[in-house]
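**Q** Please build the complete structure, drawing on both the sequences and the hints.
Keeping their order, the protein sequence lines are chains A and B. First residue of the first sequence? That's 0 in numbering that gives the first Met the number 0, and the numbers climb one at a time after it. First residue of the second sequence? That's 0 in numbering that gives the first Met the number 0, and the numbers climb one at a time after it.
It should be emphasised that the hints constitute simulated quantities derived from the structure, not laboratory data. Be a bit skeptical, because a hint or two may be false.
Here are the in silico distance ranges between beta carbons for each label pair [what the hints assert, rightly or not]:
1. Ala-396(A) / Leu-236(B): 50 to 58 Å
2. Ala-8(B) / Trp-499(A): 16 to 24 Å
3. Gly-395(A) / Leu-48(B): 56 to 64 Å
4. Ala-312(A) / Phe-15(B): 53 to 61 Å
5. Ala-8(B) / Arg-433(A): 52 to 60 Å
6. Gly-87(A) / Arg-40(B): 37 to 45 Å
7. Ala-342(A) / Gly-116(B): 50 to 58 Å
8. Val-21(A) / Ala-156(B): 36 to 44 Å
9. Val-21(A) / Leu-220(B): 16 to 24 Å
10. Arg-96(A) / Phe-15(B): 39 to 47 Å
11. Pro-294(A) / Leu-48(B): 50 to 58 Å
12. Leu-236(B) / Glu-198(A): 39 to 47 Å
13. Ala-153(A) / Phe-47(B): 33 to 41 Å
Which chain B residues stay away from chain A? Per the calculated CB distances, all over 10 Å, these [claimed, not checked]:
14. Arg-4
15. Leu-6
16. Phe-7
17. Thr-83
18. Ala-213
Quick reminder that beta carbons are idealized off the backbone N, C-alpha and C, glycines included.
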Amino acid sequence: MSALALCGWIALAFGAGTVYAVGAEGWFGRANLAAGALALAAAAVRAALRARGASASAFRGPLARGAAGVALALAGGVGLERAVTATGVRFDWSFERRFELSEATRRALAELGTVEAILFAEPLDPRARSTRLLLGELAATGRLRVRERALGEAAEEEDRFGVAGSNTVVLLAGGRSETVDRPTEGTIYEALYALRAREAGVAYVMRGAGEGDLSDAAPGGYSGLAAALETEGFRVRELVTATGAEVPDDADLVIALAPRRPLREEALAALERHLARGGRLVAFLEPGAQSGLEPLLARWGLASPDALVVDPASGALAGDPPGVNPLAYSYATTHPIARGLDASRMTFFRRARAFAPRPPEPEDRVQGVVFSSPRAWLAEPGAAARDGGPPPRPAGAEEDYHPLVAAGRYARDGRETRIVAFGDAELASNRYLRTLYNLDLVLNAALWAAEREPDIAIRPKAVVSGRLQLPLPVPDTFTMFQGLGLLLPEALLLAAALAWARARSA
Amino acid sequence: MRPFRALFAKELVVLFASPLAYLALALVALVTALIFFDHLRVYNQTLFLYASTNMRGFDTGSVPDYVNLRDTVFFPVMETLGITLIGLVPLVTMRVFAEERARGTDELLLTTDLSPGAIVGAKFAATYLFVAAMMATSFVYPAMAIVQGGLGAEHLAAVFLGLTLHAAALASIGLACSAWTGSQLVAAVAGWAVGFVVWDFGWVASFQLVSEDAVRFLDALSLHLRYGSFAEGIVSLGHVAYFVALAAFAAALARFSFVWRRVSGG
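**A** Structural data, given as structure tokens:
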């Protein structure tokens with residue numbers, strides 16, 4: 000390589016580096032790139048002339064073969080890369096499998112037809128790379144077109160879509176738009192779902208006897224459940240039971256969120272009439288509470304003894320003694336509500352009661368859907384822990400799979416009544432709804448009750464795990480790994496010193 | 000095969016008998032440690048800042064989601080390491096062909112049973128091995144972040160693979176540069192220049208004369224783009240093929256340099 004070529008490379012590197020750093024072609028970058036290109040071209044011409052002058056006919060063959068080898072390597076390399084890329088084979092080795100699309104996301108995309116996604120990001124935002132990969136994966140389905148805009152480049156669009164910061168995705172379909180400011184597969188899925196604008200029916204939520212509050216955004220509230228139901232297409236309305244009014248005819252679903260006070264007789268009678276005419280109910284109970292729902296459910300074959308499920312297979316969770324908060328991993332997988340749930344997709348119950356499902360009539364289908372471990376037993380609702388272990392097992396209490404969620408279908412006068420009963424309400428609270436697979440269980444139960452089985456799915460998680468947000472003290476890290484982290488450079492420097500000494504003495 | 004093995008072994012011995020090689024390895028380990036601990040310090044400070052402002056301790060709800068070990072420490076360290084390697088790898092590769100050429104021993108090599116292709120193959124293989132060792136030393140600190148952050152062994156493997164392929168690509172570029180000159184300095188500078196240009200063709204988009212298609216084409220050739228997806232935990236065979244293709248092209252160029260020298264006499 001000649002000095003001219005060297006100068007050319009230096010100028011080229013400085014030119015490219017300047018343009019890259021500044022983001023615009025200034026006079027310095029332009030001049031360096033031009034000078035570099037000229038110097039390299041001149042060096043190439045000079046080398047070619049020298050080669051021509053020096054080459055005899057005997058050299059032409061090897062020269063042509065050598066050049067052909069380079070061309071062949073280039074063409075082969077490009078061909079190989081293109082061919083392998085076309086296969087689309089890639090492995091997602093990320094901790095949470097962030098780039099493997101769930102069936103629910105694919106289905107939401109398929110229902111929408113063609114969707115356009117615009118990513119607004121600052122050029123050096125490291126989060127945008129992950130978002131680009133995710134959008135690339137979605138685009139590979141053939142149903143999503145992706146555009147990218149530098150933040151601040153299209154102020155009018157940013158205002159229109161309410162883009163608040165870098166790494167924001169706007170999804171457009173059918174003249175509607177949804178803005179996602181923390182793009183993960185889960186949040187994009189929720190936006191796609193909202194874009195579908197599908198009507199799933201009306202869900203009435205009972206109020207007036209101390210039930211869970213769907214407008215309460217506190218950790219103990221249920222605003223998350225309301226939002227999730229709306230995302231699924233339900234219109235959520237309140238049903239004030241204190242007046243003893245009838246359940247409206249347009250109710251596709253009634254939700255009872257663990258009433259803390261006894262329901263009025265009129266309200267229970269109205270609910271009974273709703274069920275008798277083919278109505279749907281999702282009821283959440285709590286151990287130790289008697290609201291009047293329990294005898295109603297018992298008449299439909301979903302009796303629930305007022306007892307606490309103690310499952311020693313579950314450890315001390317949520318600050319409670321071991322066993323009182325069951326971590327469920329046994330499901331009736333043939334039931335639509337449990338579709339997609341398995342031993343690795345657990346659900347978390349915060350103090351639960353159990354059911355003893357028994358069909359009231361031979362044609363009725365009543366069964367448990369989610370079960371405790373086989374080591375569980377029933378104890379008094381207020382049973383206390385002993386010596387740091389689970390509450391003691393009462394005499395005569397049997398260890399068994401206890402249903403924590405049960406469901407029933409009842410054919411009455413040509414209509415079908417559906418009831419799902421949960422032995423715990425806290426699993427649907429804001430604090431625990433997105434814990435493990437609680438959201439999927441609760442929503443799938445509502446969808447099954449509303450006879451929307453095709454929409455039952457395991458949803459991608461909106462919150463990405465694996466993003467550790469705890470401090471990692473430098474001294475601890477340093478101390479923990481100093482054996483390797485410091486020994487290695489030290490050993491290498493010692494080896495360098497020895498190599499130098501040996502070379503000197505040789 | 001025997002002469003090939005002999006040359007491969009000789010290259011390794013020369014590499015590891017040189018203090019420069021150990022210095023390069025130690026330098027990579029120390030530079031990575033400095034980058035890592037600096038990012039870790041900033042990450043911890045940011046977390047403490049949020050914790051003290053919100054008075055809610057390390058409740059994840061009070062810290063913005065972009066402040067996390069992966070996005071604040073691990074990815075930036077990988078990014079910086081990728082750029083740092085552009086400066087370090089040519090220091091290792093500059094000697095491989097240029098020194099032989101300066102001493103005239105390359106002519107001696109050609110008198111053996113070895114073809115130019117075999118010579119290039121042996122030197123490339125030995126350098127790749129050294130580069131892999133270099134990456135192993137540089138990976139100690141980022142790896143501990145992943146292990147402590149609970150990101151998983153598979154993710155760790157993906158990042159290490161990406162880092163090694165990236166370093167091997169830079170080594171290929173450096174070797175091709177070394178093959179075309181008798182000066183180690185020229186080889187190193189050319190390796191840096193080409194490395195920086197190929198790292199990210201995003202700068203091309205700044206030119207109004209360059210069409211969008213050309214920008215997209217060049218962008219697809221960027222090392223940064225290919226390397227980045229490994230850091231995210233994605234192992235795409237297309238990206239692996241890109242690095243293999245780059246190495247093959249660099250080897251072909253190095254091989255051609257032998258023919259060219261014979262013809263041009265340079």
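**Q** None of the hints should be skipped; say for each whether it holds.
**A** For each hint, the structure was consulted:
{"no.": "1", "hint": "Ala-396(A) / Leu-236(B): 50 to 58 Å", "result": "holds, 57 Å"}
{"no.": "2", "hint": "Ala-8(B) / Trp-499(A): 16 to 24 Å", "result": "holds, 22 Å"}
{"no.": "3", "hint": "Gly-395(A) / Leu-48(B): 56 to 64 Å", "result": "holds, 57 Å"}
{"no.": "4", "hint": "Ala-312(A) / Phe-15(B): 53 to 61 Å", "result": "holds, 55 Å"}
{"no.": "5", "hint": "Ala-8(B) / Arg-433(A): 52 to 60 Å", "result": "holds, 58 Å"}
{"no.": "6", "hint": "Gly-87(A) / Arg-40(B): 37 to 45 Å", "result": "holds, 41 Å"}
{"no.": "7", "hint": "Ala-342(A) / Gly-116(B): 50 to 58 Å", "result": "holds, 55 Å"}
{"no.": "8", "hint": "Val-21(A) / Ala-156(B): 36 to 44 Å", "result": "holds, 37 Å"}
{"no.": "9", "hint": "Val-21(A) / Leu-220(B): 16 to 24 Å", "result": "holds, 22 Å"}
{"no.": "10", "hint": "Arg-96(A) / Phe-15(B): 39 to 47 Å", "result": "holds, 40 Å"}
{"no.": "11", "hint": "Pro-294(A) / Leu-48(B): 50 to 58 Å", "result": "holds, 56 Å"}
{"no.": "12", "hint": "Leu-236(B) / Glu-198(A): 39 to 47 Å", "result": "holds, 44 Å"}
{"no.": "13", "hint": "Ala-153(A) / Phe-47(B): 33 to 41 Å", "result": "holds, 37 Å"}
{"no.": "14", "hint": "Arg-4", "result": "holds, 23 Å"}
{"no.": "15", "hint": "Leu-6", "result": "holds, 20 Å"}
{"no.": "16", "hint": "Phe-7", "result": "holds, 20 Å"}
{"no.": "17", "hint": "Thr-83", "result": "holds, 15 Å"}
{"no.": "18", "hint": "Ala-213", "result": "holds, 15 Å"}
When the structure is compared with the earlier hints, no violation turns up for any of them.
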